[in-house]
Amino acid sequence: MRRVELEADVRREAGKGVARTLRREGRLPAVLYHAGASVLLSLSDKTVEQLFHTGAGEHVLITLKVNDGGKQRSCMAVVRDSQHDPITDRILHLDLFEISLDKPLRVAVPVHVVGDVPAGVKEGGVLHHHLRQVDVECLPLAVPDELQIDASALLINQSLHVRDLAADPAVRILTPADQAVVSVAAPISEAKLEQLLTATAKETKEPELLKKEKKEEEVAAEGAAKPAAAAGKEEKEVKEEKKESKAK
Amino acid sequence: MLSPKKVKYRKMQKGRMFGKAYRGGKLVMGEYGLKVLQPGWLTARQLEAGRIAMTRFIKRGGRIWIRVFPDKPICKKPAETRMGKGKGSPELWVASVRPGRVIYEMDGVTKEVATTACRLASHKLPLATAFIQRSAV
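Chain order of the listed sequences is W and L.
Count the first sequence with my numbering and you get residues 1 to 248, in order.
Count the second sequence with my numbering and you get residues 1 to 137, in order.
These aren't lab readings, by the way, just hints derived from the structure by calculation.
Do not take every clue at face value.
[What the hints assert, rightly or not] Over the 10 Å line for every Cβ pair with chain W, so calculated as not near, a few chain L residues:
1. Pro-4
2. Met-17
3. Pro-78
4. Ala-79
5. Leu-127
[Claimed, not checked] To give a feel for the contact side, a few chain W residues facing chain L, derived at Cβ under 10 Å:
6. Ser-38
7. Val-126
8. Leu-127
9. Glu-208
For every residue, glycine included, the Cβ atom is placed at its ideal position computed from N, Cα and C.
This is chain W alone, in the form it adopts within the complex (with noise of 0.2 Å):
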């Protein structure tokens, strides 16, 4: 895990505005996790883009320099969440976890496809990333940068699993040993092409409506409901024959 260092001012202010104000000014709101307690920092925005553009990304071990209104205290900590913008994809939040460099830490690990391409690619089958990263369980200083696994071997219908990558044995794989890293798939048929390519051609009907048995009950009890109606409406009718006839 690469280590980087950051220096961060501890801020009093929370809330939407407050962090917008920060960002406005070049800072980065972020928050530190410590012993069931948080701190509230703002840290230098281009700093942290430099820091996380580059490299291995948020997967980085943080030397942190906290400074309280004059108190300089230092700790280590990795990025527990980010928030990013969804266009522009800056960064509007980090989400720090301080952490004991004696201590088992759990994160998340980047696996990466190393070797030539694949036997089964040349052939023409198509490569399938099933997990890009798995969770590992170490001390903080024997987190690796990555986890890497050859698939220049896999044949078609071939797959590689968890229990296949090279990890160091100072690092507990957390995630299930049977599931599939990569697999290598045959390539779609022909017909299947075919299909894909024109399925555009159908028109859809007009869906279900899940109401509609509650509609049918409705109707039927409207149905009931009429003919009693119409007895009522008939019976008026008759009375006013009647006062007319009397009428005359």
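Starting from the known structure of chain W, arrange chain L on it as the hints suggest.
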């Protein structure tokens, strides 16, 4: 074409599309994807046209996912009809998307192939889009 099998109500109000898509904005399955940069409606026909354009280009080479589903019915009145007399009948299905939403994902192809396939698909959509690629964790 994509459309729901069962619905609770036949007709729906227009609705509004405020803000950005804070969900569904990251690549989940594939290595590459196409993201919208504007709010709007994507009809089932447009989504299908985009998918077919991508499939026609990559042929049997990769895998494609559609990350949105057109579950919103749009009603229209028949031509030359006077106003009133109630809402029109459902005519098409759309997916209401906000900026940042991933529409298609692709895997099992090279970056060059994915870029071209996404460009072809983007021509079938009525909104501005951007090609995206999975970055480091």
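Now for the hints, and whether the structure bears them out:
Not every beta carbon of chain W lies more than 10 Å from that of Pro-4 of chain L, the smallest distance being close to 5 Å; the non-interface claim is violated. Distance check on Met-17 of chain L: its Cβ is at least 13 Å (rounded) from any Cβ of chain W, clearing the 10 Å threshold; non-interface status holds. Taking the minimum C-beta to C-beta distance to chain W, about 16 Å, the non-interface status of Pro-78 of chain L holds against the 10 Å cut. Every C-beta of chain W lies more than 10 Å from that of Ala-79 of chain L, the closest at about 19 Å, which supports listing it as non-interface.
The beta carbon of Leu-127 of chain L sits about 12 Å from the closest Cβ of chain W, which is more than 10 Å, so the claim that it is off the interface holds. Interface restraint check for Ser-38 of chain W: the shortest CB-CB distance to chain L comes to about 22 Å, outside 10 Å, so the restraint is violated. Interface hint at Val-126 of chain W: satisfied, since its Cβ lies 4 Å from the closest Cβ of chain L, which is below the 10 Å cut-off. Hint status for Leu-127 of chain W: holds, given a least beta-carbon distance of 5 Å to chain L, under 10 Å.
Evaluation of the Glu-208 of chain W hint against chain L yields a held restraint, the C-beta minimum of about 5 Å falling below 10 Å.
Against the hints set out earlier in the document, violations occur for numbers 1 and 6.
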